[in-house]
Amino acid sequence: MNNSLLVLVRDHGLVKKLFFAAVLLGIVLIALPLCAQENQGGGDQVAREFAALDDDWLEDEPEQVYDPLEPVNRFFFTFNDKLYFWLLRPVARGYSFVVPEPARECVGNFFRNLKMPARFVNSLLQGKIAESGTEVTRFVINSTAGVVGLWDPARNWFDLKPSPEDMGQTLGKFGIGEGVYICWPFFGPSNVRDSIGMAGDYFLDPFSYLAFNDEEGFKVVTGAKSVNQINTTSLKLGDYESFKEATLDPYGALRDAYYAKRRSQINDKK
Numbered sequence: 019m020n021n022s023l024l025v026l027v028r029d030h031g032l033v034k035k036l037f038f039a040a041v042l043l044g045i046v047l048i049a050l051p052l053c054a055q056e057n058q059g060g061g062d063q064v065a066r067e068f069a070a071l072d073d074d075w076l077e078d079e080p081e082q083v084y085d086p087l088e089p090v091n092r093f094f095f096t097f098n099d100k101l102y103f104w105l106l107r108p109v110a111r112g113y114s115f116v117v118p119e120p121a122r123e124c125v126g127n128f129f130r131n132l133k134m135p136a137r138f139v140n141s142l143l144q145g146k147i148a149e150s151g152t153e154v155t156r157f158v159i160n161s162t163a164g165v166v167g168l169w170d171p172a173r174n175w176f177d178l179k180p181s182p183e184d185m186g187q188t189l190g191k192f193g194i195g196e197g198v199y200i201c202w203p204f205f206g207p208s209n210v211r212d213s214i215g216m217a218g219d220y221f222l223d224p225f226s227y228l229a230f231n232d233e234e235g236f237k238v239v240t241g242a243k244s245v246n247q248i249n250t251t252s253l254k255l256g257d258y259e260s261f262k263e264a265t266l267d268p269y270g271a272l273r274d275a276y277y278a279k280r281r282s283q284i285n286d287k288k
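Every position in the sequence shown, counted from 1, becomes a number in the numbering used here once 18 is added.
A portion of the hints provided could be inaccurate.
Distance condition first, Cα-Cα at most 20 Å in a straight line; then the derived PhoX-like pairs of lysine-lysine [what the hints assert, rightly or not]:
{"id": "1", "residue 1": "K100", "residue 2": "K146"}
{"id": "2", "residue 1": "K100", "residue 2": "K262"}
{"id": "3", "residue 1": "K146", "residue 2": "K179"}
Okay, the calculated beta carbon distance ranges per label pair [to be verified]:
{"id": "4", "residue 1": "R281", "residue 2": "K237", "range": "31 to 41 Å"}
{"id": "5", "residue 1": "P171", "residue 2": "P86", "range": "46 to 56 Å"}
{"id": "6", "residue 1": "P86", "residue 2": "P203", "range": "42 to 52 Å"}
{"id": "7", "residue 1": "G197", "residue 2": "L143", "range": "17 to 27 Å"}
{"id": "8", "residue 1": "I147", "residue 2": "Y227", "range": "42 to 52 Å"}
{"id": "9", "residue 1": "A163", "residue 2": "K262", "range": "33 to 43 Å"}
Treat the hints as calculated values from the structure; they're not laboratory data.
Note that the Cβ used here is the ideal one computed from N, Cα and C, for glycine as well.
Just need the whole structure built from these sequences, with the hints factored in.
Below, the structure is given as structure tokens:
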């Protein structure tokens, strides 16, 4: 045990990677449901989508949610909540003050364009051939006419919208059960199935193959993902605050909204 510890300490590259991983966890705080939804064209649209939770997904009494870990989940919900208000929101506010909204929307477009492989593969796995073709077409148009994805001419000119498919939805389509509800520290609402799906999508993210290729690549990915999450949050400031003010039990409301959205997506009622 002691020898292993000495080897770890002597391996400066590994120590640095672990350090940057810790920094990434501290910065890349996915602001509960706010950062769990991809930016689809600016803060106003996101605000409308978030406000539509009660109107569209929670119109009826939500199905039962299996939450045997509720005491632990509530603890991590509070943990994430404090981190959002004490760290991520102030950083995102400062960022939005410096970077104008059109530029922030371009940043969101750029990162969304890079996530094409996950949407493409999951569309194929779900048998959605047309959507997978749309993803390829969007990627070609946006990577060229959209200047490496900074703009979204595929959507603006040709009304080609990205498909919000992910591995969690694919597993749901294959009949895999949800499992217990989990509120992850830093990452927010999930369940066993979506947690496995998130791990699967990791390997469909081009950044994943750069992160541990070498130390410099790891630093680049760490910085890029941090900017992406701060940028995403800056476009949604105020949404989570409004959501909390509108409910007596933010934990339960967020959990039910998460399940309502995921079940709706799996049933293709996006």
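Taking the hints in turn, this is what the structure says about them:
With a C-alpha separation of about 40 Å, the suggested pair K100 and K146 falls outside the 20 Å cut-off, and the hint is violated. About 13 Å separates the Cα atoms of K100 and K262, which keeps this hinted pair within 20 Å; it holds. With a CA separation close to 14 Å, the supplied pair K146 and K179 stays within the 20 Å bound. Between R281 and K237 the Cβ separation comes to about 39 Å, which falls inside the hinted range of 31 to 41 Å.
The beta-carbon spacing between P171 and P86, approximately 48 Å, falls within the hinted interval of 46 to 56 Å. A hinted range of 42 to 52 Å for the beta carbons of P86 and P203 is inconsistent with their spacing of about 18 Å. Between G197 and L143 the C-beta distance comes to about 20 Å, which sits within the given range of 17 to 27 Å. Range check, I147 to Y227: Cβ separation about 26 Å, and the 42 to 52 Å hint is violated.
Separated by about 40 Å at the C-beta atoms, A163 and K262 satisfy the suggested range of 33 to 43 Å.
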